[in-house]
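Colleague: These are the residues of each chain, in order.
Number of protein chains: 4
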Amino acid sequence: MQIGMMGLGRMGANMVRRLLQDGHECVVYDINPASVAALVADGATGSTSVEDFVMKLRKPACAWLMLPAAITGANVDRLAGLMTAGDIIIDGGNSYYHDDVDRAEQLFAKGIDYVDVGTSGGVWGLERGYCLMIGGPEAAVRHLDPIFATLAPGNSEAKEAAGESMRTAQLGYLHCGPSGSGHFVKMVHNGIEYGMMAAYAEGMNILKAANAGNKARDVDAETSPLQTPQYYKFDFDMAAVSEVWRHGSVISSWLLDLTADALQQDPELAAYSGRVSDSGEGRWTLKAAIDTGVPAPVLSSALFQRFNSQGDALYADKLLSAMRFAFGGHHEKPKEPPKTGA
Amino acid sequence: MQIGMMGLGRMGANMVRRLLQDGHECVVYDINPASVAALVADGATGSTSVEDFVMKLRKPACAWLMLPAAITGANVDRLAGLMTAGDIIIDGGNSYYHDDVDRAEQLFAKGIDYVDVGTSGGVWGLERGYCLMIGGPEAAVRHLDPIFATLAPGNSEAKEAAGESMRTAQLGYLHCGPSGSGHFVKMVHNGIEYGMMAAYAEGMNILKAANAGNKARDVDAETSPLQTPQYYKFDFDMAAVSEVWRHGSVISSWLLDLTADALQQDPELAAYSGRVSDSGEGRWTLKAAIDTGVPAPVLSSALFQRFNSQGDALYADKLLSAMRFAFGGHHEKPKEPPKTGA
Amino acid sequence: MQIGMMGLGRMGANMVRRLLQDGHECVVYDINPASVAALVADGATGSTSVEDFVMKLRKPACAWLMLPAAITGANVDRLAGLMTAGDIIIDGGNSYYHDDVDRAEQLFAKGIDYVDVGTSGGVWGLERGYCLMIGGPEAAVRHLDPIFATLAPGNSEAKEAAGESMRTAQLGYLHCGPSGSGHFVKMVHNGIEYGMMAAYAEGMNILKAANAGNKARDVDAETSPLQTPQYYKFDFDMAAVSEVWRHGSVISSWLLDLTADALQQDPELAAYSGRVSDSGEGRWTLKAAIDTGVPAPVLSSALFQRFNSQGDALYADKLLSAMRFAFGGHHEKPKEPPKTGA
Amino acid sequence: MQIGMMGLGRMGANMVRRLLQDGHECVVYDINPASVAALVADGATGSTSVEDFVMKLRKPACAWLMLPAAITGANVDRLAGLMTAGDIIIDGGNSYYHDDVDRAEQLFAKGIDYVDVGTSGGVWGLERGYCLMIGGPEAAVRHLDPIFATLAPGNSEAKEAAGESMRTAQLGYLHCGPSGSGHFVKMVHNGIEYGMMAAYAEGMNILKAANAGNKARDVDAETSPLQTPQYYKFDFDMAAVSEVWRHGSVISSWLLDLTADALQQDPELAAYSGRVSDSGEGRWTLKAAIDTGVPAPVLSSALFQRFNSQGDALYADKLLSAMRFAFGGHHEKPKEPPKTGA
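Chains as they are written, first to last, in numbering that gives the first Met the number 0: chain A, 0 to 341; chain B, 0 to 341; chain C, 0 to 341; chain D, 0 to 341.
None of these hints come from the bench; they were simulated from the model. Heads up, a few of these hints could be off.
Which copy is meant is left open, so a pair is good if it fits within one copy or across any two.
Said to hold, decoys possible - DSSO-like cross-link-like pairs, simulated, lysine-lysine; straight-line CA separation at most 27 Å:
no., residue 1, residue 2
1, Lys-286, Lys-55
2, Lys-232, Lys-286
3, Lys-214, Lys-55
4, Lys-332, Lys-158
5, Lys-286, Lys-334
6, Lys-332, Lys-286
7, Lys-232, Lys-334
8, Lys-214, Lys-232
9, Lys-58, Lys-334
10, Lys-109, Lys-55
11, Lys-158, Lys-58
12, Lys-214, Lys-332
13, Lys-286, Lys-214
14, Lys-232, Lys-109
15, Lys-58, Lys-109
16, Lys-55, Lys-232
17, Lys-58, Lys-332
18, Lys-158, Lys-55
Put together the whole structure using the sequences plus the hints.
Modeller: Below, the structure is given as C-alpha cells:
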C-alpha cells in the first residue's frame with residue numbers, strides 16, 4: 000500500500016527501505032533534499048515540500064512522522080492543516096504519550112485519525128525488523144496493518160493464537176489500546192531497558208573490581224579499608240564472561256549479545272568517558288509510576304545513575320563533604336583523575 | 000569419561016541424564032535410595048554409601064557435588080577423607096565463593112584439587128544445556144573438559160576464537176580463574192538476574208496501574224490525589240504486551256520469553272501471593288559491591304524489594320506511621336486486604 | 000493588623016489562635032459554622048459566607064486560605080471574584096507550586112496579589128510557631144510581615160544579619176522568591192522529611208532485627224540462611240537507644256525527639272499497622288528532580304517505600320514469583336501472617 | 000576516678016580534657032610524645048611506653064583506647080599481655096562490632112573485661128559532650144559509670160525515669176547490651192547519619208537546580224528537553240533557606256544547624272570538590288541489613304552515592320554508553336568540565 004514518510008533520519012530512512020523491499024509505495028519528505036534523493040534512488044517517490052508531500056498521497060492519505068519529539072507537534076499541526084477527514088497521521092517517534100492523548104482529541108474534531116506508534120529496534124531494525132507498539136482508533140490501525148506487518152520482524156514460529164492481539168504480537172506489532180497507549184507501552188519498554196542495562200553494568204563493574212585485593216589501597220582515615228583482601232584477587236576476562244552468559248544462563252538477552260560484542264572489541268571500553276545520556280522515556284516512566292503510586296526503585300536507580308554520570312550530583316556531594324567537615328573535622332580527599340577502569 | 004555425582008535433586012539428576020545421554024559413565028549417590036534407583040534405571044552406576052561411591056570412582060577420582068550450600072562443606076570434608084592426592088572434588092552447587100577459597104586451600108594441602116562450578120540453567124538445563132562458570136586449578140579444569148563440554152549448551156554458530164577462553168565461552172562454559180572465581184561469576188550472574196527481573200516486574204506493574212484514572216479513588220487527607228486521570232485510562236493486555244516485546248525490541252531476553260509464557264497462562268497471576276524468596280547470591284553480590292566500593296543501586300533495590308515482599312519492612316513502616324502521627328496528628332489509614340492486582 | 004482566615008481545620012484554627020494571642024484582628028470563615036463559633040469565642044470576628052467574609056475585610060483585604068489542596072483553586076477563584084485590585088490572597092495550604100505560578104499570573108491581570116506560603120509545624124505550631132516559606136511579589140510580602148512575624152517561632156538568639164532574608168530566616172520565615180517559590184521550598188522540605196524519616200525507620204528496623212541469631216529460622220531452599228548467627232544476638236531497648244541519640248549524637252533532631260517519645264510509649268508500636276500515607280509533596284519533589292536531572296535516590300527510595308507499605312508492589316512481586324517458578328521451578332513460600340515486629 | 004587513655008588524636012585528646020575538667024585522673028599515652036606532652040600540660044599523667052602506661056594504672060586498671068580501627072586489635076592484644084584478671088579494656092574507636100564479639104571472648108578467658116563504646120560527637124564533643132553507646136559486661140560498665148557520666152553531655156531537663164537505662168540515656172550514655180552492642184548501635188547511628196545527610200543534600204541540590212528554566216540547554220538527541228521551563232525559574236538563597244528550616248520546621252536537626260552554618264559561609268561550597276569519603280560504618284550497617292533481611296533502600300542509596308562521588312561507577316557508566324551505541328548508534332556526549340554548581 001501507499002504510505003508517506005516525513006523525517007528521513009536513521010530510523011525513518013531505514014523504515015522506508017524495509018517498506019520498499021516488501022513492495023510498498025513510499026512518498027518521502029525531509030527538510031534535507033539529499034535525504035530525499037537517497038531514498039528516491041532506492042525507489043521511493045520524493046517530494047519537495049510538505050504541501051507536495053501531502054498532495055502526492057492518495058486518499059485516505061497516510062502520513063507517518065519520524066521526527067524528533069521537539070518538532071513533532073508543529074509538524075502534526077502543519078500536516079493536519081493540509082489533510083481532510085478520513086486521513087491518518089502516524090507518529091512513530093519518541094513523543095510523550097500525553098501529547099498523543101491531547102493531539103488525538105484535537106484531530107478527532109477534524110475527522111483525522113491519529114495513530115501513535117512506539118518503535119523499538121534501533122539501528123538493527125532494517126535487518127531485524129521493528130517492534131511496534133500501536134495506539135489509536137481501531138479502524139485506522141486495521142487500515143495500516145500491511146505497513147505494520149512489513150515493518151515488524153515477523154516470526155516463522157508463530158503459533159495459532161486465540162485472538163488478533165496475540166496473533167500480531169507474535170509477529171512483533173500490537174494494537175495496545177486508544178491514542179497514547181502505543182507510546183505509553185514504548186515508554187515503559189525504555190524504562191525497563193534502563194533497568195536491565197544498569198543491572199548488567201553494575202554486575203560487570205563488580206566483576207571488574209574483584210581484583211581489589213591485589214591493588215595498593217590508600218591507608219588513611221578517609222578510606223574505608225578492605226577487610227578481606229584474600230577474597231578479591233580475581234582478574235576476570237570481561238569479554239569471555241559476558242560471552243559465556245549468552246549460552247544457557249538465565250540472563251541471556253539481546254542486550255547481553257550486544258554487550259559481549261562490545262567487550263570483545265575492547266574490554267576496557269576506552270572509547271567511552273562514561274557520560275550516559277537519557278532521552279526522556281525513562282523520566283516519563285518514573286512520572287507515571289509516581290502518579291499511580293507504583294514502587295519503581297530499580298527503574299529510578301537506573302535513571303539517577305545516568306544523572307550522576309552527567310555530573311548533576313555535584314552540589315549534593317559538595318554539601319556532604321561540607322557537613323562531614325562541620326561535624327567531624329574531616330578534610331575532603333582530593334578527587335583523583337578519572338580512573339581508567341584498568 | 001567417568002564422573003561421580005553426589006546429590007540427585009532436580010539439578011543433579013538432570014545433569015547425570017545429560018551426561019549419560021552423551022556417553023559418559025556416571026557413578027551416583029544420594030541419601031535417598033529411590034533417587035539413586037531412578038538414575039540407575041537410566042544407565043548410571045548406583046552406590047549405597049559415600050564410601051561405596053568413592054570406591055567406585057577410578058583414579059583420579061572425580062566427584063561432583065550438587066548439594067544445598069548448607070551441607071556442602073560437611074560433604075566435601077567427608078569425601079576428602081576418603082580420597083587421595085590427585086583426585087578432584089567439584090562443587091556445582093550455590094556455595095558462597097568465600098567457602099571455595101578456604102576449602103581449596105585446605106584440600107591443596109592434601110593434594111586434592113577443588114573445582115567450583117557455578118551452574119545456571121534451572122529446570123531447563125537438561126534440554127537447553129547448562130551455563131558453567133568454573134574456578135580452580137588449570138590442570139584439573141582441563142581434565143574435566145569433556146564433562147563441561149557435555150553439560151554446556153554447545154553452539155552450532157560458534158566462531159573461530161583467538162583463545163581457549165573465548166572458544167569455550169561460546170559453547171557455554173568458561174574457566175574464570177582460580178578457586179572461587181566460578182562461584183563469584185555465578186553470584187554476580189544471579190545479582191544481575193535479580194535486577195533484570197525487577198526491571199520487568201516494575202515495568203509491568205506500571206502498565207497494570209495505567210488504568211488508575213478509570214478507578215474510584217479515596218478522597219481524604221491521607222490519599223494523594225491523581226492529578227491527571229485523563230492520562231491513566233489504559234487497560235493493557237499484559238500477555239500481548241510481553242509477547243510483542245519478544246520480537247525486535249531492545250528488551251527481548253530469555254526471562255522475557257518465560258514472562259510472556261506465564262502471563263499468557265494467567266495475566267492476573269492469581270496463583271501467586273507475591274512473597275519473593277531470595278537464595279543468598281543476591282545478598283553476597285551486594286556484599287562484594289560494598290567491600291569493593293562499587294555502586295550497585297539497582298541490584299540492591301531489587302534485593303530490598305524481595306525483603307519487602309517477605310514482610311520485613313514492617314517495623315520501619317510502623318515507625319513512619321508513628322512519626323507522622325507525632326508531628327502531624329495524621330491517623331494511619333487501615334491496611335486494605337491485599338489487592339488482587341485486577 | 001487585620002487578616003482573614005478561610006478554612007478552620009486543625010492548622011487554620013491554631014494559626015488564628017496564635018495570631019489572636021499576639022493582638023492581631025482575625026476575620027474567620029469555614030463551611031462548618033461550629034468551627035467559626037469556636038474561634039469567635041476566642042476573640043475572632045466570625046463570618047457566615049464567603050461574601051460576608053470578604054466584606055468584613057478592610058482594604059487592602061488580606062485573605063489567608065488554609066484548605067485542602069483539592070479545593071483551594073475553586074476558593075481562590077471565588078475570593079478573587081469578590082476582591083478588588085490591591086487585595087491579597089494568601090494560600091497557606093499544601094498546594095502544588097505549579098498551581099501557584101498559574102494562579103498568580105491570572106490574578107495579576109486583575110491587580111490582585113497572590114502569596115503562597117508553605118507552612119511547616121504540624122500540630123505543634125500553635126505552641127512552637129510555624130516555619131513559613133513564602134513566595135510572591137515583594138510589596139505584598141512586606142505588607143504581611145507582621146502576620147508572618149507572629150506565626151513564626153521567633154528566636155531570642157537571632158544574630159545581627161547582613162540582609163533582610165537572613166534576619167527573618169532566623170525568626171522562622173523567609174521570602175523565598177516569586178510566586179510558587181514558597182510552596183516549592185515547602186515541597187522540597189517535605190521530600191527531605193520523607194528521607195530523614197526513612198533513614199531513622201530503616202536504622203531502627205536493623206536494630207530491631209539484631210536478635211535474628213536468637214530466633215529459629217526456616218531451613219529450606221527458599222530461605223537464605225543466616226551465616227553468622229553469633230553476631231546477631233542483641234535485644235535492644237528501642238526507646239532507650241532513641242533517647243540516648245538525642246544527647247550529643249550527630250543524628251539528634253526534632254524528628255528523633257518525637258520518635259523517642261513514641262517508642263517510650265510503646266516500643267512495639269502495636270497501635271500501627273504500617274500503612275504509610277503520602278500526601279503529594281514527596282511525589283512532586285521527585286518530579287522536580289526528574290525534570291531538572293538531579294539524582295534523588297534517597298528521596299525516591301523513601302517515597303517508594305511508602306508505596307510498598309500501601310500494597311502497590313503486589314503485581315510486581317507476583318510476577319517475580321512467577322518468573323522464579325518458570326526458570327527454576329521454585330515454588331512460592333506462603334506469605335506469613337504479618338509479623339508483630341516482636 | 001583514674002582512667003588510662005591510649006591514642007591522643009583529636010578525639011582522644013579532647014576526651015581527656017573533658018575528663019580532667021571534671022576532676023578525673025588521666026594517664027595518657029601516644030606514640031607521638033608531643034601529644035602526650037600537650038596533655039601533661041593540661042594536668043594529665045604522661046607515659047613513655049605501653050608498659051609504662053599500664054604500670055601507672057592502679058588496679059583494676061582501666062585503659063581506654065581511642066585508635067584507628069586498623070591498629071586497635073594489635074594494641075588490645077598488647078595491653079592484654081600486660082594486664083591481669085579484673086582489669087578493663089575499653090575500645091572507644093570505630094571498630095567493627097564483629098571484632099568486639101571476638102575480642103571479648105578471647106579476653107574473657109584471661110579474666111579481662113572488654114567494653115566497646117561507640118562515641119559520637121565529633122569535634123564538638125569537648126564542649127557539647129559525647130553520646131556514648133556502650134557494650135560489655137554489666138559489672139565493668141557499672142564500674143566505669145563516673146567516666147561515662149563525665150564524657151556524656153548530661154541533661155538539666157532529664158526526667159524521673161523508670162529504669163537505669165532510661166536514666167542514663169537521658170544523660171547521653173547507654174549500656175546497650177553485651178560485647179559488640181555498643182559499636183553495633185554506633186554503626187547503625189552512622190548508617191542513619193548517612194541517610195539524613197543524603198536527604199538534605201539531595202533536597203538542597205533540587206533547590207539549587209530550580210533555576211534550570213533560566214538556563215540555556217543543549218538541544219540535541221542526547222539531551223532530554225525541559226518540558227516546562229516556566230516552573231523552573233527560582234534562584235534560591237541556599238543559606239537563608241537552610242536557616243529558616245531550623246526554626247519550627249519538621250526537619251530541624253543538629254546536622255541542619257551545621258549545614259546552615261556552612262552555607263552561610265559559602266553558598267557555592269567552592270572549597271569542596273564533592274568527593275565524599277565513607278569510613279566503614281555505613282558499609283557495615285548495610286551488611287547487617289543484608290544478613291538479617293531488612294530492607295534498607297535509603298541507607299544503601301546514601302552509601303552508593305558516596306561510592307559514585309569517589310568515581311567508582313566509571314566502568315558501569317562506560318558500559319552503558321557502549322550499549323547505547325551498540326543498539327541505537329548513540330554517540331556519547333563529551334563529559335563537561337565539572338560544573339561549578341553556580
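Colleague: Look at each hint and say if it fits the structure.
Modeller: Hint check:
| no. | hint | in the structure |
| --- | --- | --- |
| 1 | Lys-286 - Lys-55 | neither (40 Å within a copy, 44 Å between copies) |
| 2 | Lys-232 - Lys-286 | between (42 Å within a copy, 15 Å between copies) |
| 3 | Lys-214 - Lys-55 | neither (68 Å within a copy, 42 Å between copies) |
| 4 | Lys-332 - Lys-158 | neither (61 Å within a copy, 34 Å between copies) |
| 5 | Lys-286 - Lys-334 | between (34 Å within a copy, 25 Å between copies) |
| 6 | Lys-332 - Lys-286 | between (37 Å within a copy, 24 Å between copies) |
| 7 | Lys-232 - Lys-334 | within (25 Å within a copy, 32 Å between copies) |
| 8 | Lys-214 - Lys-232 | within (9 Å within a copy, 35 Å between copies) |
| 9 | Lys-58 - Lys-334 | neither (64 Å within a copy, 49 Å between copies) |
| 10 | Lys-109 - Lys-55 | within (21 Å within a copy, 51 Å between copies) |
| 11 | Lys-158 - Lys-58 | neither (35 Å within a copy, 51 Å between copies) |
| 12 | Lys-214 - Lys-332 | within (19 Å within a copy, 31 Å between copies) |
| 13 | Lys-286 - Lys-214 | between (42 Å within a copy, 19 Å between copies) |
| 14 | Lys-232 - Lys-109 | between (68 Å within a copy, 23 Å between copies) |
| 15 | Lys-58 - Lys-109 | within (15 Å within a copy, 50 Å between copies) |
| 16 | Lys-55 - Lys-232 | neither (67 Å within a copy, 37 Å between copies) |
| 17 | Lys-58 - Lys-332 | neither (69 Å within a copy, 43 Å between copies) |
| 18 | Lys-158 - Lys-55 | neither (39 Å within a copy, 49 Å between copies) |
Of the hints listed earlier, those the structure fails to meet are numbers 1, 3, 4, 9, 11, 16, 17 and 18, in rising order.
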